[in-house]
Amino acid sequence: MPVRDGGGWASGRRGLRPALAWRGGGILVLLAAAAAFPLVFTNPLVTTIGVDTMIFVGAASAWNIFSGYSGYISLAHAVFFGCGAYTAGIASRDWNLNGNVIFAMLPLAGLVAAGIAVPVGLIALRVRRHTFMVVTIAIFFIFQLMAFNFSFTSGTSGISAPFLVWDPQTFNNPFYYLALAIAVATAALSWLIRRSRFGLQLRAIRDDEGRTTSLGVRTMWVKLSALVISAFVVGMLGALWFYFIAQVLPASGFDPAFDLVIVLMAFLGGLGTVAGPVLGALIIEPAQQYFTQQFPNAYLSQITLGAVFVAVIVLMPRGLVPTVGEKLTSWRAKRASRAAATVQAAGRRKTALAADPGPAVDASAPENLR
Amino acid sequence: MTTPLLRADHVSKAFGGVHALNDCTVEVDKGTITGLIGPNGSGKTTLFNVITGYERVDSGDVFMGNTKITNAPAQRAFTLGIGRTFQLTRIFPRLTVMENMLVAAHHRDRGHGRGRSRTRNPLAGAGAAADRRHAMDLLEFTGIAGYATALAGTLSYGQRKLLELSYVLVADPAIVLLDEPAGGVNPSLINHISDKIRALNRQGTTFLVVEHNMEFVMGLCHAVTVLDYGTVVATGPPEIIRNDPRVLDAYLGLAEEDDDASGQ
Chain U
1 MPVRDGGGWA
11 SGRRGLRPAL
21 AWRGGGILVL
31 LAAAAAFPLV
41 FTNPLVTTIG
51 VDTMIFVGAA
61 SAWNIFSGYS
71 GYISLAHAVF
81 FGCGAYTAGI
91 ASRDWNLNGN
101 VIFAMLPLAG
111 LVAAGIAVPV
121 GLIALRVRRH
131 TFMVVTIAIF
141 FIFQLMAFNF
151 SFTSGTSGIS
161 APFLVWDPQT
171 FNNPFYYLAL
181 AIAVATAALS
191 WLIRRSRFGL
201 QLRAIRDDEG
211 RTTSLGVRTM
221 WVKLSALVIS
231 AFVVGMLGAL
241 WFYFIAQVLP
251 ASGFDPAFDL
261 VIVLMAFLGG
271 LGTVAGPVLG
281 ALIIEPAQQY
291 FTQQFPNAYL
301 SQITLGAVFV
311 AVIVLMPRGL
321 VPTVGEKLTS
331 WRAKRASRAA
341 ATVQAAGRRK
351 TALAADPGPA
361 VDASAPENLR
Chain D
1 MTTPLLRADH
11 VSKAFGGVHA
21 LNDCTVEVDK
31 GTITGLIGPN
41 GSGKTTLFNV
51 ITGYERVDSG
61 DVFMGNTKIT
71 NAPAQRAFTL
81 GIGRTFQLTR
91 IFPRLTVMEN
101 MLVAAHHRDR
111 GHGRGRSRTR
121 NPLAGAGAAA
131 DRRHAMDLLE
141 FTGIAGYATA
151 LAGTLSYGQR
161 KLLELSYVLV
171 ADPAIVLLDE
181 PAGGVNPSLI
191 NHISDKIRAL
201 NRQGTTFLVV
211 EHNMEFVMGL
221 CHAVTVLDYG
231 TVVATGPPEI
241 IRNDPRVLDA
251 YLGLAEEDDD
261 ASGQ
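As you go down the protein sequences, you meet chains U and D in turn. Counting along the first sequence from 1, when you hit position 335 you're at 335 in our numbering, and nothing is skipped either side. Counting along the second sequence from 1, when you hit position 131 you're at 131 in our numbering, and nothing is skipped either side.
If we strip away everything but chain U, and leave its shape as in the complex, we get (with noise of 0.2 Å):
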């Protein structure tokens, strides 16, 4: 149905026209650099933080999703991650793939990861708030501990990925790109579904899930649908990221740290908002990579990633994009009455030397504004 944002959304924001342009245009500066940044990066070391940045990009959007809008926060989207690598490893054994073919897992990857998101999600959300989260931790734990214990996983040992005879200088490139493109992808989904009726529904279950429900909304079917997506996005993201490390173990794909990371960088960017994970995933990622290469103690990445969270938490918990978003609209609006304040001092100025008298002055003012 071709509605569009017609008559009433615009009539309201008509004064937001230029901030809107703006946004467009920093978006597509933003994906013309993404784009670009390979080629004028063409070190691997280099290319190789790109790849990771964009996975997380894809994956804080998508954990955004579902946590984000409805505030479930869920510590296990490290499943979906570990599913869709060990779907992407189990598959390219069985079937000996190898060459650009593999890349025709990722889609399998995602659909293994959101049936394993529909069990979940029943079980889990029956529980709200912070008893999710817990629940949600011990689903982690019971996935973990089966890649360690099953032998289709090959346990401890882990699954290896098809070595590619590709070019080192650019090995990297493809796996960038499709990072890329699903987080692009995955971010405007993440918009396309805030401004929904389906994401008003998350947003109003966040607010208060007893009263949706009376309003006749089916909570547990929207929340699980959210799931669903999200767990779909990060399970490609698993797939691709085994092919690009090349293994997957119980322990790097079930990571509980990668939980934590992309709740940090929803957090920093602002929590249910489009553009925070995004931001905070291009902040937080390549800031950590930095850290480890730069310093050979290991522990030094993730004391200085703790603190930060901590720094986060109490300088500023709804995260940047709010925070500086609410810091501009009132910077504007001092400007603006600021410059109304010097209309009118002006206004009165010249209405006195032609000695008029004052009263009509002060209600042309506002008109002059106008």
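Don't read these hints as lab results, they were simulated from the structure. Accuracy of the hints is not assured; some may be wrong.
[Unchecked claim] Just so you have them, the derived chain U footprint on chain D, three or more residues with Cβ under 8 Å:
id : region
1  : 73 to 85
2  : 91 to 97
3  : 123 to 131
[Said to hold, decoys possible] In silico contact screen, one side only, chain D against chain U (beta carbon under 8 Å); selected entries:
id : residue
4  : T52
5  : L102
6  : V103
7  : A104
8  : A171
Glycine included, C-beta positions come from ideal geometry on N, C-alpha and C.
Once you have looked at the hints, place chain D on chain U.
Relative to the frame of chain U, chain D by itself:
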């Protein structure tokens, strides 16, 4: 006699040893504003919860028209046309006022019989133009249209009451259950709220109102039912109820002269 629009039939509900509702029968006739009064803990809110699917009954039945809705989930009660507000208002604080209105908008089709096979693209923007117009009309009606783009969490208590009433009305409910619409609201706003209830009632909406403000209840309601210890003590037009000795005894906590009289 026609069947009442809403009927709680010999409903009982106990919480442990406390009988919140005890063989309680309450009827609301179509087109009326019915008051439900009684001392604190007499079971008024429990009755609301049982009707709207927030609590299950121990025994008895609830009917909406001729449809039995005993222990139906809250969603079903809502889709059958029972709207409800809460004693402590429940709005969505981090959504804008307009977004609050649109949460319920997807059930609007029911009352209007338009577009049976309305396309359900889940990613379509929230609130088609028609839904927004309808929501805006309602906000104008209740007088908070000026706040449409504000976050609901920034509204005052009275405005929140009006918002809750507005978004319950979005789905065109046949009956609205109001839990203390005048509680904690300043007097000028109380008159505003009762005016709105009367206007909606003239357009055909039935109301069941729980309220402690006697002036409000007696001035607004066509019929009043009095609960005490989970049982109906009296029911009838306000002028009769006002002077019913059982009601004075149960609810108005004995008029002071009665106290003196009994002391003699």
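Hints, verified against the model:
1. A stretch counts as covered by a chain when three or more of its residues have a beta carbon under 8 Å from one of that chain; for the region 73 to 85 of chain D and chain U the count is 7, and the coverage holds.
2. Under a criterion of three residues with beta carbons nearer than 8 Å to beta carbons of chain U, the stated coverage of the region 91 to 97 of chain D is upheld, 5 such residues being counted.
3. For a cut-off of 8 Å, the count of residues in the region 123 to 131 of chain D with a CB near a CB of chain U stands at 7, and the three-residue condition holds.
4. Interface restraint check for D/T52: the shortest CB-CB distance to chain U comes to about 7 Å, inside 8 Å, so the restraint holds.
5. A distance limit of 8 Å between C-beta atoms decides the matter here; for D/L102 the minimum to chain U is near 6 Å, and the interface restraint holds.
6. Because the beta carbon of D/V103 sits about 5 Å from the nearest beta carbon in chain U, less than 8 Å, this interface hint is met.
7. Look at D/A104: its Cβ gets to within about 4 Å of chain U, closer than 8 Å, so that hint holds up.
8. Satisfaction of the interface hint for D/A171 is found here, the shortest Cβ-Cβ separation to chain U being roughly 7 Å, below the 8 Å cut-off.
Hint compliance for this structure: no hint is broken.
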